[in-house]
Amino acid sequence: MSNTTTEAELPLAPDDAAAERLSTAPVESEGPTGIGMFGWARWMWRQLTSMRVALILLFLLSLAAIPGSLIPQYQNGQGQLKVEAWKAQHTTVAPIYEKLQLFDVYSSVWFSAIYILLFVSLAGCIVPRTWQFVGVLRAQPPAAPRNLTRMPVYAAWRTEADADAVNAAAHRLLRKRRFRANLSGGAVAAEKGYLREVGNLLFHMSLFALLGGFAWASLASGTGGKLMVEGEGYSNTITQLDDFNGTRFYGSDDLDPFFLKLDGFTAKFQDKGDQIGAARQFTANVEYAKGEDTSRLTKGTIEVNHPLEIGGSKVFLIGHGYAPVITVTNAKGEVVYHGATPFLPQDSNLTSTGVVKVSDYGDKDGAKTQMGFSGFFLPTAPLSFEGTGPVSLFPGDAAPELVLNAFAGDLGTDSGLPQNIYQLNTRKLTQLTQDGQPAKARLKPGQAWALPDGYGSVTFDGYKQWASFNVSHRPGNSIALAGAVLAILGLIGSLFVQRRRIWVRAVALPGGGTQVELAGLARSESAKIAEELAELAVDLQDDAPASEDEDDAEDPAADGPAADDPAPEAAAASDTPAEPAVPADQNSKE
Amino acid sequence: MHLASGVDPQLADLSNKLIYSAMVVYTIAMFAHMFEWTFGSKGAVAVRSTAQSGSLAETVAAAETKGAKRVTVTVAGAGGGTTTLTRTALAGEGATVVTSGRGADEVDGPGAAGNSQRADLAGRIAVSLTVLGALLHAGGIVTRGLSVSRWPWGNMYEFSCAFAFAMTAAYLVLLASKKNVRWLGLPVVLAGLLTLGIATTVLYTDSEQLVPALHSPWLAIHVSTAIFCGGAFYAAFIATLLYLGKDAFDKRIAAGLTTGPLGTPASIWRRLPAASTFDKLSYRINALVFPLWTFTIIAGAIWAEAAWGKYWEWDPKETWSFITWVAYACYLHARATAGWKGRKAAYLALAAFACWLFNYYGVNIFVTGKHSYAGI
Ligand code: HEM
Chain A
1 MSNTTTEAEL PLAPDDAAAE RLSTAPVESE GPTGIGMFGW ARWMWRQLTS MRVALILLFL
61 LSLAAIPGSL IPQYQNGQGQ LKVEAWKAQH TTVAPIYEKL QLFDVYSSVW FSAIYILLFV
121 SLAGCIVPRT WQFVGVLRAQ PPAAPRNLTR MPVYAAWRTE ADADAVNAAA HRLLRKRRFR
181 ANLSGGAVAA EKGYLREVGN LLFHMSLFAL LGGFAWASLA SGTGGKLMVE GEGYSNTITQ
241 LDDFNGTRFY GSDDLDPFFL KLDGFTAKFQ DKGDQIGAAR QFTANVEYAK GEDTSRLTKG
301 TIEVNHPLEI GGSKVFLIGH GYAPVITVTN AKGEVVYHGA TPFLPQDSNL TSTGVVKVSD
361 YGDKDGAKTQ MGFSGFFLPT APLSFEGTGP VSLFPGDAAP ELVLNAFAGD LGTDSGLPQN
421 IYQLNTRKLT QLTQDGQPAK ARLKPGQAWA LPDGYGSVTF DGYKQWASFN VSHRPGNSIA
481 LAGAVLAILG LIGSLFVQRR RIWVRAVALP GGGTQVELAG LARSESAKIA EELAELAVDL
541 QDDAPASEDE DDAEDPAADG PAADDPAPEA AAASDTPAEP AVPADQNSKE
Chain B
1 MHLASGVDPQ LADLSNKLIY SAMVVYTIAM FAHMFEWTFG SKGAVAVRST AQSGSLAETV
61 AAAETKGAKR VTVTVAGAGG GTTTLTRTAL AGEGATVVTS GRGADEVDGP GAAGNSQRAD
121 LAGRIAVSLT VLGALLHAGG IVTRGLSVSR WPWGNMYEFS CAFAFAMTAA YLVLLASKKN
181 VRWLGLPVVL AGLLTLGIAT TVLYTDSEQL VPALHSPWLA IHVSTAIFCG GAFYAAFIAT
241 LLYLGKDAFD KRIAAGLTTG PLGTPASIWR RLPAASTFDK LSYRINALVF PLWTFTIIAG
301 AIWAEAAWGK YWEWDPKETW SFITWVAYAC YLHARATAGW KGRKAAYLAL AAFACWLFNY
361 YGVNIFVTGK HSYAGI
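For the record, the sequence lines run as chains A and B. Residue numbering for the first sequence follows the working numbering, beginning at 1 and increasing consecutively. Residue numbering for the second sequence follows the working numbering, beginning at 1 and increasing consecutively.
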């Protein structure tokens, strides 16, 4: 592999220190130096901030991330339910997993420990590197090493031109190639590609911005959920939200004030082929107002990839379903319940379940009664439930039906305890019967069911759709985004820019004529430093033409390792016979 | 009832036929490459390709011209050997000839055909067939997109078709830009066939519209870059494997053995480029792709923010993209750290690619997360 050298590999002579450290990567230290606690602490800090430990920590980070992708996590969407289900299935290992925080990998102690160490290491690495780099920028490019033949890329020839003129020409040419060049002591020292280091530092620093954005989001964000039937609206307060999860700096008092109303909802589904039933479009048409004033509403739409931004919150569409409109009339003919009742989807064809609770049914024979109904809404009902039970065949409303059971007795709502509005507590309820069988009805829109035992009637008036929304306040996104963009820019600089040094030295030879030597050092693997040096040399020959006799001086047999190469070796080899053009041990690996 | 269709069944059908035809043509190309390797095995001892010695002769001739400016640069090789690079500028014509001569341990082999004319012909036929296959393949992807009037990457079948195409196209572009990469032909065609084979059998789904979660311009951005990265990582993976093979071969030869690793014939390895060429190639591809992969993940996070309200939720797909990213970062760090070059870094590159493969096939098929779409 040509010209792949790092300072760590080059056993450079002390006077070649100039050629050293093209990267500000930390130098690996051998063992504890100094005495006592302080020495050890310093050694440990050196270790922590070494590239080798960074490598190990990175490796550990990727390993540690794996279990969380295979075991259900609390913090994922619907994670809670999945974790509970998983625990129920694996009762023996679940407690161990719980102890090891395997259901909460990404906020677990061990995962946090790895990335915190990594970032400490990163900080310990970046800060000195930045200072060092500032120093590099303020100083001149390091002076030419005494022995240029030891550099990985080297060329030389003899010319009749004046040495000072050649050095000056080289200085000018390097400047033209936008190198930082310095002519002093009879040699030119030049360096280019500082953007590589800038990019590298920028990249590593922007990782802190990313982490900061993450941290802020997890400390100051909050999400609430709200389900609305078409036509309904709500004010964004803790009492009107269905649920709310706050964080340290964003509690229920900080909710952004706004009003939101669902005007209508459209859903479209694939109706043929092997993806039948797959969703194709969901659109919620809404009206909203910022702040407390709800007199003037703005229209808007919310779709799956298009949340609505109101104030500091974003409203996301996360679910939808059907809400049958049901009317319950009591024995006296009074309407005791009327409304659209959201039913919750149970499968991808939107077989939905729901309940109706009538807490003030009135009395039949003078006694106070409550009634409850539970049942299914099927957007596309099959002709018969035989064998399958009440299951919808398609998520669109092709043949909607409502299936109901009726209960009478005590709903348990008077106890004062909060109740799930989607579940019926049947402990103190008795199911109505008809002909000795549980009373049951299949209703199409518009149909009514006369309840047995003179309990009045239930009418399925029709149905609406409902949509559920996630109201999310997440600051820190722009910081994370800025960090991400800077990280990419930094990476591009770090990986695509080549940092390299070139030295040119022209010296008058005792016997007349001038010896021109060029050498280069690049700190990256894909550097084209040899090509660049050759181009520069050819350009320089305008000012320093090679001596005529040089061709004759060359001896093809001296080509050494490249013996099968008819192209001649560096002419310099014959001029400085004591030193091989490139010492063979220079790049010894490992 | 609300319906959504908008699928042109004729175009969808044409798309399938084109993909199958492409597979047939690739298969024939694969056989042609195999002939190339077999015919080329005779008399192919490490000799320079004719093209290379031609340009050397030119340089020598140019150097004879009086007034020509010429410089020879000596480059220290990693193995301790040296390499030279000669640049000659012809006076008055502004033309330059660049030649490289390399140390004995760093000579690139002459390619699959060796110096056999028959093998060279087979290789040329193989390349032509690959071009034809790629055209049919592209037709299949375009008609698939047209049949539903959207970007043709909405499910794994479509990703795989596009991904196999990205790989083949990258190879053909390298060939067209006169890079010496015909030796890549057989592995690329094989990998393409394997990907398409899995796509058409295991992953196939009919051409349909997208689920609402995929209705986003980010589909074009995030998924295209992901597909491109996949194709490039795959190519780098092939180069890494070949590096390990060639390196093992060199060591075996140095130890006096006569065959390559796993008893493979020496003539195959002799015709391949030098280990350092493979190593450099795989590093260059991986380093080139890493920023793009970073971008892909960030684009995905932005999309997730728009679709689900949180840009990062440690969904299995996100998690494995992150793991893959960190694994490649590990590899890049390893290359920059002393003592980790060569084989050790290559093993890290293989591990990183394994993460990528698992993220693609494993996560989509075995792990359920939010990244599950129609079919698979
Ligand atoms: C947070 C996790 C980290 C990530 C994702 C990361 C990523 C990267 C990447 C992708 C490169 C490649 C650029 C190149 O090859 O030039 C790089 C280079 C580098 N990293 Fe990191 N890094 C991380 C942490 C660290 C730490 C903790 C250190 C210090 C101990 C460090 C020191 C370096 C150095 C010195 C280079 C440049 C090597 C050179 O000069 O080429 N990095 N890093």
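No lab work stands behind these hints, which were simulated from the structure alone. All values derive from a computational prediction rather than experimental measurement. Honestly, I wouldn't trust all of these hints.
[Stated by the list, open to error] Below, a list of computed lysine-lysine pairs in the BS3-like style, where the Cα atoms sit at most 27 Å apart: (1) B:K344 to A:K528; (2) A:K464 to A:K261; (3) B:K179 to A:K528; (4) A:K528 to A:K268.
Hint by hint, here is what the structure shows:
1. As the CA atoms of K344 of chain B and K528 of chain A are separated by approximately 25 Å, the hinted pair is consistent with the 27 Å bound.
2. Distance restraint check for K464 of chain A and K261 of chain A: the Cα-Cα separation of roughly 15 Å lies within the 27 Å cut-off, and the hinted pair is therefore satisfied.
3. Distance hint between K179 of chain B and K528 of chain A is fulfilled; the C-alpha atoms sit about 16 Å from each other, no more than 27 Å.
4. Using a Cα cut-off of 27 Å, the hinted pair K528 of chain A and K268 of chain A is violated, with the two alpha carbons roughly 57 Å apart.
This entry does not satisfy hint 4, going by the numbered hints stated previously; all others are met.
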